[in-house]
Every structure is written in C-alpha cells, then in structure tokens.
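Start from the sequences and build out the full structure, keeping to the hints where you can.
Take 1 as the starting number for the sequence shown in this note's numbering and just add one per residue.
Calculated directly from the structure, the hints in this document are not laboratory data.
If you're wondering where the values come from, they're calculated on a predicted model, not measured in any experiment.
Glycine is no exception: its CB is placed at the ideal position from the N, C-alpha and C atoms.
Accuracy of the hints is not assured; some may be wrong.
[Claimed, not checked] Between beta-carbon pairs, the in silico distance windows are:
| no. | residue 1 | residue 2 | range |
| --- | --- | --- | --- |
| 1 | T83 | D6 | 15 to 23 Å |
| 2 | P98 | R22 | 24 to 32 Å |
| 3 | T53 | R73 | 17 to 25 Å |
| 4 | G50 | T103 | 38 to 46 Å |
| 5 | G114 | R58 | 14 to 22 Å |
| 6 | A47 | A88 | 36 to 44 Å |
| 7 | L66 | G114 | 16 to 24 Å |
| 8 | V18 | L85 | 19 to 27 Å |
| 9 | R58 | A105 | 32 to 40 Å |
| 10 | R58 | T26 | 23 to 31 Å |
| 11 | R58 | E4 | 33 to 41 Å |
| 12 | A88 | H45 | 28 to 36 Å |
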Amino acid sequence: MKREVDVLVVGAGPAGLVAATRLATTGARVEVLERERWAGGAPVHCAHRGFGTWPHTRTGPAHARLLADAAVRAGADVRTGVTALDWAGPRTLATVGPRGAETIAARAVLLATGARERPRA
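Below, the structure is given as structure tokens:
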C-alpha cells in the first residue's frame, strides 16, 4: 500500500514530537513513525524528575506522554511499532509495522532518530 502525507517524521523522541506538533498546527498532514512501542524517546526510560520547565518538572515518562499527546491533539498521526526499512524513492520510505508493509511518500521527510541511532542494514 502506498500513501502520501505532507511531512513524514521518523522518530518520536522529544525533537520529532515537538516538530510534528508545530507542523501539524500549520495544517500539514503529519505522520510520525516510531519503531519502539511507546513514543517519547529516551525520556520514557528516565524515572527521575527534571523534565519540562522549572518549577513544573515531571518524570521522563510523564514528559514523553505530554509531548506525544500534544502532537496527537495538534493533528499528527503518531504511529508506534513501525520501522522505516529503506528509501523507496525520493522522499519515500518503505516501512513495516502493525499494518504490514507500507510505502509512504511525503513532501518532506524529517529524520529525528536520536543521538544513539544505528542503521539496521
């Protein structure tokens, strides 16, 4: 199946989610792909406080939920358990996830895969 969106964000960590939120508020059709089961990136695994703005800090998981919820409320489609496999053409990615294999084309692709990303191929 091939679909098209305005912006495809690869990575649902803080940077990817904030970018998706801002882009979706402009009316862009935004889809976020995250290979992990939960959106939020590294903060999901940080139980300590200190995320957010002082004096209203929160734990990493709470901050991750806040960012993911904001992206969804803004209109972004945040999909977890989806792996970007390879480029399938200009601004087009081959993916696999709960919906099976898909090809997603976009007017723009934003790579927000985090500081520890390693290619799987």
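Does the hinted range 33 to 41 Å hold for R58 and E4 at CB?
holds (36 Å)
Between the beta carbons of T53 and R73, is the distance compatible with 17 to 25 Å?
Hint holds: Cβ distance 19 Å, inside 17 to 25 Å.
Verdict for T83, D6 (Cβ pair) under range 15 to 23 Å
Cβ of T83 to Cβ of D6: about 22 Å, so the range 15 to 23 Å holds.
For the hint 32 to 40 Å, verify it against the beta carbon of R58 and that of A105.
Holds, since R58 and A105 (Cβ atoms, about 37 Å apart) stay within the stated range.
Holds or violated: the 36 to 44 Å window for the beta-carbon distance between A47 and A88?
holds (38 Å)
Is the hinted range of 23 to 31 Å satisfied by the C-beta distance from R58 to T26?
holds (27 Å)
Kindly confirm whether 19 to 27 Å is satisfied by the beta carbon distance between V18 and L85.
holds (25 Å)
Against the range 14 to 22 Å, how does the distance between the Cβ atoms of G114 and R58 compare: consistent or not?
holds (20 Å)
Given a hint of 16 to 24 Å, does the C-beta separation of L66 and G114 actually sit inside it?
holds (18 Å)
H45 and A88 - C-beta distance against the hinted 28 to 36 Å:
Since A88 and H45 have Cβ atoms about 31 Å apart, the given range 28 to 36 Å holds.
Indicate whether the distance between the beta carbons of P98 and R22 respects the range 24 to 32 Å.
Roughly 27 Å apart at Cβ, these two residues keep to the hinted range, so it holds.
G50 paired with T103, Cβ distance criterion 38 to 46 Å
Distance hint for G50, T103 holds at roughly 40 Å.
The structure meets every hint from the earlier list without exception.
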